[in-house]
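Asker: Here the protein sequences line up with chains A, B and C, keeping their order. Per this note's numbering: the first sequence = residues 2 to 300. Per this note's numbering: the second sequence = residues 17 to 355. Per this note's numbering: the third sequence = residues 148 to 566.
To be clear, the hints were calculated from the coordinates, so they are not data collected in a lab. One or more of the hints may lead you astray.
[Stated by the list, open to error] Only pairs whose alpha carbons sit at most 25 angstroms apart, straight line, appear in this in silico SDA-like list of lysine to any residue:
{"id": "1", "chain 1": "C", "residue 1": "Lys411", "chain 2": "A", "residue 2": "Ser267"}
{"id": "2", "chain 1": "B", "residue 1": "Lys167", "chain 2": "A", "residue 2": "Ser267"}
{"id": "3", "chain 1": "B", "residue 1": "Lys167", "chain 2": "A", "residue 2": "Gly171"}
{"id": "4", "chain 1": "C", "residue 1": "Lys411", "chain 2": "A", "residue 2": "Gly171"}
{"id": "5", "chain 1": "B", "residue 1": "Lys167", "chain 2": "B", "residue 2": "Glu153"}
Predicted, not measured: the structure shown is a model, and the values here were computed from it.
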Amino acid sequence: MSPADTTTSVAAPVSASRAVEPPARHRGALARLVRAELALVLGRRRNLVLLVGLALVPLLLGVVLYLAQDTALAGQGPPFVSRVTGNGLFLVVASLFLCTPFLLPLTIGIASGDAIAGEASAGTLRYLLVVPVGRGRLLAVKALGALVFAAAAVLAIAVVGLVVGAALFGVGDLTLLSGSTVPLGDGVLRVAGVVAYVGLSMTGLVAVGLFFSTLTEVPVGAMAATVVVAVVSSVLDQLPQLAAIHPALLTHHWFDFAEMLRVVPSADVLAQGLAVQAGWVVVFGALAWARFTTADVTS
Amino acid sequence: MTATLRAAAPAVPQAGVVTDDAIRTHALTKRFRTGQVAVDGIDLVVPRGAVYGFLGPNGSGKTTTIRMLLGLVAPTSGRVELLGEPVPQRAAHVLPRVGALVEGPAFQPYLSGRANLARLDAVDASTDPRTARARAEAALERVGLTAAADKRYRQYSLGMKQRLGLAAALLRPRDLLVLDEPTNGLDPQGTREVRHLVRELADGGTTVLVSSHLLAEIEQVCTHVGIMGRGHLLLQGPRTELTARRAARIAVRTLADRADAAATELRRLALDDVTADRPVADGTVTVSAAVRDDAGPAPQDVTAALVRADVPVVGVDVRRPSLEDVFVELTGEGFDVAR
Amino acid sequence: MDTTPTTSRTRVRAAWAVPAVAAVAVGVAFAAPPLLASADSAGLAPVQPDELVARVLEAEPQALSGTVVHTARLGLPDLSLAQVGGADPLNLLGGSTTLRVWTDGEARSRVSLLGTASEYSVVADGTQAWTYSSSDDEVVHYALSAADAARAQRLHDAAPTPPADLPTPAELGRQALEQAQQDATVSVDAATKVAGRDAYQVVVKPTSTTTLVGRIVVAVDAQTWTPLRVQVWSSDDARTPALELGFTDVTFAAPADSVLTFTKPPGAAVREVTVPLPDDATLAAHAEQSSALPEDPADAALPDGVTVTGTGWDTVVEVKDVDVAALLAGDPSAVATLPDVEKSFGGGEGANELFDQFVGGGDGPAVDLDTSALYDQLTTPVEGGRALQSSLLSVLVLDDGRVLAGAVPVDALRAVAGA
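Chain A extracted, bound-state conformation:
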C-alpha cells in the first residue's frame, strides 16, 4: 500500500457504444417472480412450523374427542365440537371455529406483517428494488405470497381435520344447524364452502398486515399491530354501544361461515361478509401501495 504507487493512468473514457438497450422483459417474468416468492414463503422454516401448529389443532381436538367420547364429558363444548363424534366432517368446521378468533389471525398476522418489513429488516428490500423490480409489482407479489400463505393456513386445518375426522369418526350425511340432514356429497360441498369462506374472510387482515408491513423495518411490530387489529375488532364487536359500526368491522362477519350450514344458506349474508372484506382489502391495499411506492428505503 505504498502511497508512491502511482502507476495507474487515467483511463480514457470508453465510448458510449456499450450503452445498449437492456433486453426486453422476458415472457413469464412475473410467473418467475411469483414462483420465487412462493418458494420463499412456503419454504421458510418458521412458516412451516406455523402451518404444522395449525394442523395440530384438528389432530389434538380429534384425538381428545375420540378418547372422551364414551365418558360423561362427551357431547359437550362449543358449537360444532359436540357434533364431531357423530360425523368427522364436523372436525373441519369445529377446528376452524376454534382457530378463527385468534390462532388463524395470529398466523396470518405473522406472515403478512413480515412481507415487506421482513425484507426491510434483512436489508434485502434495497437489493430487490435495485435489481430492479417495480415497487407496485413487488407489493403485489408480496401480497400474493401472504394470501397464499393464508390459504395454506386454512387448508392445513381443513385437510388435517378432514383426514383425522374421517379416520377417527367416519363421515356421513351432514346434520345442519337447522336440524335438516343433507347427503354426504352436499355436506362435503357445504364444508368446502365453509373453508372457502373462512379463507376469504382473512383477506382483509392480510391487507391490514401488508400496510403495517410497509410502515416499519421491524417485522415484529407489524405482526403485533396486525394481530392487535383483529383482537380490537372482536372486542369492539362485543360493545352494543358501537352497534352502528359493527357491520363494517373486520371480524364481524367471520363466523358467518355458519350460514353454509343452515337449511337455506343466504347468499346475501355471505356476500355481505365478503363485501366487507373486499372493502378492507381495497382501502388497506391502497394505503399499502401509497406508502410503499412513495417511501424512502433507508433500511
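Got chain A; can you put chains B and C on it based on the hints?
Answerer: Frame of chain A; chains B and C shown alone:
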C-alpha cells in the same frame, strides 16, 4: 471555501441533454423529515469508463447519495441521470445495466448463497431464465465463492457475505457498478482482491463508482475522485489533477548529527519547505523538502549533491501527496472523523 | 424528465390520494344502498286509512320466505349476557335478533332464530311442531294425542284454523291493525320502502294519554297488503322505535318442501311433548275470542287470581299470589301463570310462543342464566316491592305477592295496586 474547488467540476449539464457521463447529478439535495440535510446540492459527474472513488468520512452523505442514484430515496430537490437516463423516472429501464452493493451485503439468512442469487435473478424481469444457473455460477466463480455456494447465508463470514454481495452485482454484464464500501470487513487479502476485481472490470469498460471511508484502500485504483464532507461535495476530478495541487516531497534519511548539513544542502539546491523530523531510534533522521516534477533538480541529482556535501545518505524517497493529505488540507481535519 | 421538488411532492400527494379516494368509494358503496332503499317511493296510489286497514285484514295469508330483524330498545339494562349463549329466544328482550321465516301461508312454517354458529328452529306442520336447538342437538316434538288429533282434524274440516302464529311483521301488523279499531286514531303516513318493496305506512295513535305507547307504525306492502314492518314508538322517545319488527328481505313464493318438512337428525335426542287439546267448550270460546274481538278483555275467561283493570291501552293486568322466588328458580309452572303479561311484552305472539316453549321446557340456556341476579339488575326497589320500568311496559312486583303489569308508567300501576 469549496467554491473555487468546485470549479474543477465540469459545467452543469442542461436538462435533457444526453451526456457521455455514466452518472450526473444536478444540485442533488436530500433533507430528511427530521430536518437533517444529508446531501446538500451536489453536482456529481462520473465519466464513462472512470473508476470514481467516492470518498468521505462516515456520515458525510455518501450512502444517501448512492440511494438517490439508485432510486431508493427520493431527492428533496435536484436531478439524477444514470447512463443518460433520468432516475427515478426511468429507473426500471436503466437499473438492469447497473450493479450495486449498497451499505453492505444483505441476503435472506436462511437461504444458501446460490439460492439467494437465484432469487435476485428471478426478480429481474429482463434476464433469460434459461441462463440463470450459468450466470449465478459464473458470478460465484468470479468472487471465489463456488465452494461455499450451498451454505446458508447466515453461516457466512463477513468476508464471504461481502463477496456474495459482489457476486449479486455481477450477476449480469453491467455498464455501471455502484459499490458502497466494498472492502468493509475484508482482510487485506480480500481488499487486494476487490481492488483487482475493480481494475479488471474497469479494463473491460465498466464504469465503477466505489465509495469508502478509508481513502488509502481504494485510492490506488481510482481514475477520478470525489470527496464528500458534511453533505457537500468538497471537490472532484481526475485523481492526478487533485493530487497535483500539492507538491511531492523528497525525503532524505541521514545520520542524526548530519541533519543540519543535509538541510543546508537542500536549501542550497533551491528546494522549498525544508523540514527535519525527530531522530529515530537507529540514529537516523529524515530531512524532507518539496520538489516539483517540472522544475528543479531530479532526485538522483539531489542525492549526488548531498554525497558531494559529505552528507551520508541512508535512503532517499520521493513521496507523492496522498488524497488524505489533500483532504486534510481542504478541511483542516482528519479524514476518518464522523461528525 | 424533471425531478423538481414540486413534481416529487405532487407525486407523493397523488399516491396518497388513491387510498383516500378508495376509502370514500368503499364508504359510499356500503352506505348508499340502504339510503337508496329507504328513499321515499313515489307513485303509489293514495289510499284511505280505513280502506288500507280493511285491505290488510282481508288479505289472504301469503306464502313467503324472508328475513326478519327484531330490534328491541326497551330501555332495559344491558342484557348482552344473554348473547353469549348463542341462538336463544331470550335475546328477543334486548338488542337485535335475526329470524328467518318460511311459510306456505297455510299450515306449514319454519322459523329459525339465528345465533352465531347456532340456530334455534321451530317447524310447524298443522297440529304438530318440532323445535330443534343446534346448541344441544335436541329435538322437542309437540303433538296432540291420537284422540285429540282426530278431534282436531274434525274441527279443522269444519272451520279451518288460522295459520300458526309466526313472529313476522305480517302477523304482528295484522294484530296491531285489528286492535287499532278501538281507542286509537288511524292515519296514513308517507309511503316508504321496506325490504326493497313499496309500502304504505299506517300510523296507529292511541287516544289514551297515560299509556307508554306513543304510536304504532305499520308498513304495508303495496302489492300483497301484507304488513312488512311494525314499529312501536314509546311516548317518551321520538327518535327511535322501542320495538321494531321488519322484513329485511322477503320473497312472496312458496318455500321449498325440504324447508318445511322436519326429519329428526340422526343421533339427536328427542323429547315428546303431548299437548292437551282443550275441551270443545273452551275451544269454542277461544275461537269466538279470536274471531270477534272482546269489547272488554275482562269478559274473556281469565285464570284464577288474574284481574284486569282499565281498558284498551291503559289495561293493567294484576296477578295475585305469585311466588317470585319460584319464578326466579325457573319453575315452569310459575312461568305459566304469566302468559298474558309475556304477550304484551312485545315481539309478536309467535315469538312469545318460542319463549314460552323454551322457558317452559325448563331446560337449555335459560336456566344457565343467574335469573335472580338478572332480576335484581332489571328492577328497581320501590315502596312495598320492586318495579321494572321499560320504555313500553311497566311491571310492579309487590311484596304481598301481587304482580301488576301494563303499558303504563309505574305510578299508574301503583295507583291501581293501592286502589
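Asker: Against this structure, judge whether each hint is valid.
Answerer: We went through each hint and held it up to the structure:
1. Our distance criterion of 25 angstroms between C-alpha atoms is met by lysine 411 of chain C and serine 267 of chain A, whose separation comes to about 23 angstroms.
2. With a C-alpha separation of about 55 angstroms, the suggested pair lysine 167 of chain B and serine 267 of chain A falls outside the 25 angstroms cut-off, and the hint is violated.
3. Distance hint between lysine 167 of chain B and glycine 171 of chain A is unfulfilled; the C-alpha atoms sit about 47 angstroms from each other, more than 25 angstroms.
4. A C-alpha spacing of about 20 angstroms is found between lysine 411 of chain C and glycine 171 of chain A, which places the hinted pair at or below 25 angstroms, so the restraint holds.
5. The suggested pairing of lysine 167 of chain B with glutamate 153 of chain B holds, with an alpha-carbon distance near 14 angstroms, which does not exceed 25 angstroms.
Consistency with the previously given hints fails for numbers 2, 3, ordered from lowest to highest.
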